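Enquirer: Here's the letter readout for the chains.
Protein chains: 4
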Amino acid sequence: MNGKKVKHVEIKPGMKVRELVDEMGKAGVFSAGRLAEAVDIYLEMLDSDATVFLGVSGALVAGGLRQVLCEAIAKDLVDVIVTTGANVVHDLLEAFGGRHLRGEPFFDDAKLRKQGISRIYDAYLEQSAFELFEDNIQPLLLEITKQEKRMSTAKLLREIGLRLHDDNSFIRMAARKGVPVFAPALIDSVFGLQAWLFSQDHELVLDVLLDVKEMFEIAHGAENSGAVILGGGVPKNFILQSKLMAPTPFKYAIQITMDRPEHGGLSGATLEEAKSWGKVAPDAKLVTVIGDATILFPVLIAGVLGGRSVKSKI
Amino acid sequence: MNGKKVKHVEIKPGMKVRELVDEMGKAGVFSAGRLAEAVDIYLEMLDSDATVFLGVSGALVAGGLRQVLCEAIAKDLVDVIVTTGANVVHDLLEAFGGRHLRGEPFFDDAKLRKQGISRIYDAYLEQSAFELFEDNIQPLLLEITKQEKRMSTAKLLREIGLRLHDDNSFIRMAARKGVPVFAPALIDSVFGLQAWLFSQDHELVLDVLLDVKEMFEIAHGAENSGAVILGGGVPKNFILQSKLMAPTPFKYAIQITMDRPEHGGLSGATLEEAKSWGKVAPDAKLVTVIGDATILFPVLIAGVLGGRSVKSKI
Amino acid sequence: MNGKKVKHVEIKPGMKVRELVDEMGKAGVFSAGRLAEAVDIYLEMLDSDATVFLGVSGALVAGGLRQVLCEAIAKDLVDVIVTTGANVVHDLLEAFGGRHLRGEPFFDDAKLRKQGISRIYDAYLEQSAFELFEDNIQPLLLEITKQEKRMSTAKLLREIGLRLHDDNSFIRMAARKGVPVFAPALIDSVFGLQAWLFSQDHELVLDVLLDVKEMFEIAHGAENSGAVILGGGVPKNFILQSKLMAPTPFKYAIQITMDRPEHGGLSGATLEEAKSWGKVAPDAKLVTVIGDATILFPVLIAGVLGGRSVKSKI
Amino acid sequence: MNGKKVKHVEIKPGMKVRELVDEMGKAGVFSAGRLAEAVDIYLEMLDSDATVFLGVSGALVAGGLRQVLCEAIAKDLVDVIVTTGANVVHDLLEAFGGRHLRGEPFFDDAKLRKQGISRIYDAYLEQSAFELFEDNIQPLLLEITKQEKRMSTAKLLREIGLRLHDDNSFIRMAARKGVPVFAPALIDSVFGLQAWLFSQDHELVLDVLLDVKEMFEIAHGAENSGAVILGGGVPKNFILQSKLMAPTPFKYAIQITMDRPEHGGLSGATLEEAKSWGKVAPDAKLVTVIGDATILFPVLIAGVLGGRSVKSKI
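Chains as they are written, first to last, in my numbering: chain P, 1121 to 1434; chain B, 1121 to 1434; chain L, 1121 to 1434; chain W, 1121 to 1434.
Simulated from the structure, these hints should not be mistaken for laboratory data.
Quick caveat, the model's predicted, so the values are computed rather than measured.
C-beta: ideal position from N, C-alpha, C; glycine also.
It is possible that part of the hints are untrue.
Unchecked claim - Some chain W residues close to chain L (C-beta under 7 Å, calculated; not the full set): (1) V1126; (2) A1152; (3) G1184; (4) E1191; (5) T1414; (6) A1422.
Turn these sequences into a full structure, and let the hints guide you.
Expert: Here it is as structure tokens:
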């Protein structure tokens, strides 16, 4: 107990996101208190020039977060990204001119199948999007493998990013800003299927041990570092395990998730558990906010970009 | 499928809450899309002069939402409230000069017990707060029962509210604005214990069938009505069942919850299920946002007070 | 750490529920370990002749647990019950000759409405069931109020139970075994609506302060006591708060729930939190199993009735 | 609505797991009904000689399910496995003579770190276990890479499995029974770190495009197939996507998970969603049971091994 009183959140018409987060910080309890703490910890990471590792699980790009990711990279809020094959595919697909459509979460899926629509909760993809993906990714793979045939996923995504022309692609922005994008389970996606098709009559080896190598070099060199983890899965674990052989654990970690610890998977594990493994420091600043990243990540980034607040330090 | 493209959320430094909600509405998918939809539905309720029933479960007052509730009542966003004994106790306790303190969610509870502190997740209450509560509620009950000895919870809370002097009390604000506050399970709280103590040597009957009566009169008269439900429990069910014998079901309903339908309880039930009971209209505008009310209710209210947006209608 | 090795669960064709629980107990970790621990704690409660308070939230009777409840009462596994209006209604409805039907969890609810079917997740109730309920409950209320007009919910449910003729009714079994059934929010159900209708032209006062009184007398007298809590809501809180003014807190508590602590409501609160309030003893044996009661409660009861196992003590 | 009545679960002392599942099937509603349906679908898969794909996410081996997996393979209930690096590491670690210990889910993790203990919820691993792992895996990698230096994860795990001597290892059992074990994100684990260390001075390429190839050959050839999915993550997605280019989708699918669809990730997606992608057939038999696999998977397997029940067909 810090002896502070719970001050109640005050709403004002026309208030800014940063002001609302400050109000939640004044209250300081329950999930709202955690969210305000996450903004504070993020600001402290940035102030201390920590290397920020961002984990992006699920299909958050299809969920509307593509430009928030782009903006976070552009504004130097992120130094390393680990993500899923899904997010890579959805970003590239839009970079190639495709689009996600707004649909219904409970629809007749057999009917959608007949209409040639693939559903991601309530985001819909037309069959033509996958054809567009194939038409564009195959020539890119051909061009890139002229130089190199054996690559990490991070290297491959950098090469792809440098060849995209869509300013709103987070993969392009990351490549241009020198932010590596790891997708250790890249094969577990439509990208993986396309890469396999390509490898049927071309030489291409996705050598994922090179991803381990490149990640460790970054983790090893990052004396002061923090993790911002959206959801669980491979992105969360790959970020945390990078510190298993590094001399300094994470000093900061923020986790936004709907997952829970009881079933024992790493996805829902507390950040405290990572202390026992030496992945985060014994005195690290940690916060978990239980909630949906499509809402909370935009609030977090808007809060961080809103700048440091005097009130949040009360 | 409405054929609309998922536009990606754009973050700008210094952006307003209302602008962020608009961005989520442009994306329109996953939980962020639902939250923007909730703001739209709430605005439509207000535009159409619907009678708004607000359900407030759990201990949201201890969680920092006391003034948001107060503001929502003051700004005419709410016409009827149904809540828990906990929220009544926590509001009164602060009105009597007590306070909630900020603590830790995982603390040694046996040690807290020795220190005389009662924990509500990470909000702490000192033993003195309960003494203060007793010292204030007993004379109030005495005064009120001089006039009437048999009351609904709504009637009792109105009488109490009119006798409070704290501008930030939602019970006082509701009483002054003529907004009834029902707490059908009021006895299931420290208030219940105090009322029972009082009834040991005074006459007091909490006649909850009167609550049913008063609620039905309101529900019956409200031709155009909507429900805004935070969490589940008795508040959710009591609001919905009020329409079982009323001629017109709810035309609008918003639900913010972390609970789910699979275990079959009403708390986690979909709003669609309420159609089968005739509690909401077959063509009602319904939205469920999965998330924590301490974060989402302030965003909802700030969004609503931010006014109608042109962009959200795109 | 108790230094015990995680032994792996072994499955044998034809194995008994009790044997499976023993295997989970040998493993001793994650949720399966918790479930085995719950069986052990329940057996210890019974061995020590503890007064067992059972909380039954939601609509578990509609979910198929009616006879498990009945059996638990018949076999002296339960001494006091606190439940919801829903469970009371669903039990009585079947006692009056009605039935729940098996349906679909995602169906067109507007269509169900037209067919006169009310949905509880995937359990369906025909309109005729409610007419049957009305036809039976009104004469019962008339008969009972000839003797007494002002009652606690526990008293009213006992009087009703004694007049039922269905061996599978848990309310009847409880009445016959002298197990009180409290439903502090009884008005928050179709029963409440019927009671209110009755009270329009008859005298009936549901005096819930009498429920507080009767509950406290039990809690006060139960020096050695334990709680078994299925879900949250009023049943959980009413059981726990009964110890706020009693000399001895609960020595044992088992909680089976899908709810979580982060949103601060009592429904999802840890049992440890109850220590800070003095509701459970500092050294109480506590276990929370995260899961659905329609699966876990039958396993728990089958495990308990399977008797004490040597293996579970390894 | 199928017009069937909800019959209530009956508990008998000494009842078998299969009998309890039958009782749940008679009730047929809520989560218990789903679990009984899962047993029925699994039996139907086996009766029809379907190729069964089992997805095992998280750390279920550390959670006590190692021998259940082994038994399921031995009894021909499974034809293909997709799992996480964690489950591979935990299985091998025990095969090498290591052990998991039973601990506490909320312990001082900084203290555990000092004691050299790594925590997986409430399963603990001593530092010596990782040394044992290294001492055993390095010589195995050396031996295996003498024959082949570029392998899929499935090929590598088969080679390792054939060289193990622990009858309780699921990787060994799978290798002996000809059941391939894919771990597409194998590098995302302590195994990945060891493989990377090995690759520093030896030649080893984990060519995950070969995993795609091998998986597709199986999926392509399996005209009649079903999926049993424990948790989400890469195991779930890799199984489902295997059907994207296969001529016949899954005819059966069972999912046991605590994850939910709203955040849009594939982990929590409904099985119905997979119809829109053509991963499961429009008329596939599908069931999702919300719950913890450490409890539900043993019940499922014990139910399946308990044989076909007449009652479950009522």
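Enquirer: Now tell me if each hint is right for this structure.
Expert: Do the hints match the structure? See the list:
no., hint, in the structure
1, V1126, "holds, 4 Å"
2, A1152, "holds, 4 Å"
3, G1184, "holds, 3 Å"
4, E1191, "holds, 5 Å"
5, T1414, "holds, 4 Å"
6, A1422, "holds, 5 Å"
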